[in-house]
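Enquirer: Sequence:
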Amino acid sequence: MTFRRFAAVLAIAAVAGLVALQPAKAEPRQYQVDPEHFAIVFMVHHLGLADTVGMFREASGSFTYDAEAQTLSDVEITVQTDSVFTNHEARDNHLRGTDFLNVQEYPTMTFTADEAEVTGENSGKIHGELTLLGETHPLTLDVTYEGGRTYPFGDGHYAIGISARGTVQRSEYGMTYAVDNGLVGDEIELIIEFEGIRQPKEE
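Counting from 1, position 99 in the sequence shown corresponds to residue 207 in the working numbering; the numbering is continuous, with no gaps.
A couple of the hints might just be wrong.
[What the hints assert, rightly or not] In silico EDC-like pairs for lysine to aspartate or glutamate, Cα to Cα no more than 16 Å straight-line:
1) K233 with E254
2) K233 with D174
3) K233 with E301
4) K233 with D222
5) K309 with E135
6) K233 with D250
7) K233 with E223
8) K233 with D182
9) K309 with D174
[Unchecked claim] Label-pair distances were calculated between CB atoms; the ranges are:
10) G156 with G269: 27 to 37 Å
11) L155 with E184: 33 to 43 Å
12) T252 with R306: 16 to 26 Å
13) A134 with T194: 39 to 49 Å
14) P260 with T194: 32 to 42 Å
15) Y266 with G156: 45 to 55 Å
None of these hints come from the bench; they were simulated from the model. Since the structure is predicted, the reported quantities are computational estimates derived from the model, not experimental observations. Even for Gly, the Cβ is constructed at its ideal location relative to N, Cα and C.
Taking the hints into account, I'd like the entire structure generated from these sequences.
Expert: Here it is, written out as structure tokens:
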């Protein structure tokens, strides 16, 4: 073997070795919202005095997370509207009625999104659509990635934590009760916290 050919073989081997040492790119993975670790909280101003705070206690959803790009996609969240809870039975029943959520006719509201942008090391925005009371309008959520880890107990699944914040103008969806007289605020602040369970790769 000539020196030139020997040098070429060494160069090829070196390149192959460097390629082998490069970490494999993480593939985007699908996650399911953990029903035991989620909270969808809302706040709305009341009588110009203070915020009334409530939550929805039943929801489900899934999304795709790309760890390398740090982006969410294929987001689908469905909320059971009759699960609204504000720690006051009469108010909760009013919220379920036609003045607000009209749960008999619209038992769910949904958020879907497939567009995301990175704004910081662990933060970003997802641009999607909220469907409520039969109306669909754009909704952008500010999202923070809280980290990921393998559970130290149970089935040892891998999970990530997500925080999201957003604002909904309820009158856009036809929910205009007590807006004009200022008794109940038009803007609703959303606070969303949940863990997502990584799903097995599809064969």
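Enquirer: For every hint, state whether the structure bears it out.
Expert: Hint check results:
| no. | hint | in the structure |
| --- | --- | --- |
| 1 | K233 with E254 | holds, 14 Å |
| 2 | K233 with D174 | holds, 14 Å |
| 3 | K233 with E301 | holds, 15 Å |
| 4 | K233 with D222 | holds, 11 Å |
| 5 | K309 with E135 | holds, 10 Å |
| 6 | K233 with D250 | holds, 5 Å |
| 7 | K233 with E223 | holds, 8 Å |
| 8 | K233 with D182 | holds, 14 Å |
| 9 | K309 with D174 | holds, 14 Å |
| 10 | G156 with G269: 27 to 37 Å | holds, 35 Å |
| 11 | L155 with E184: 33 to 43 Å | holds, 36 Å |
| 12 | T252 with R306: 16 to 26 Å | holds, 18 Å |
| 13 | A134 with T194: 39 to 49 Å | holds, 41 Å |
| 14 | P260 with T194: 32 to 42 Å | holds, 35 Å |
| 15 | Y266 with G156: 45 to 55 Å | holds, 46 Å |
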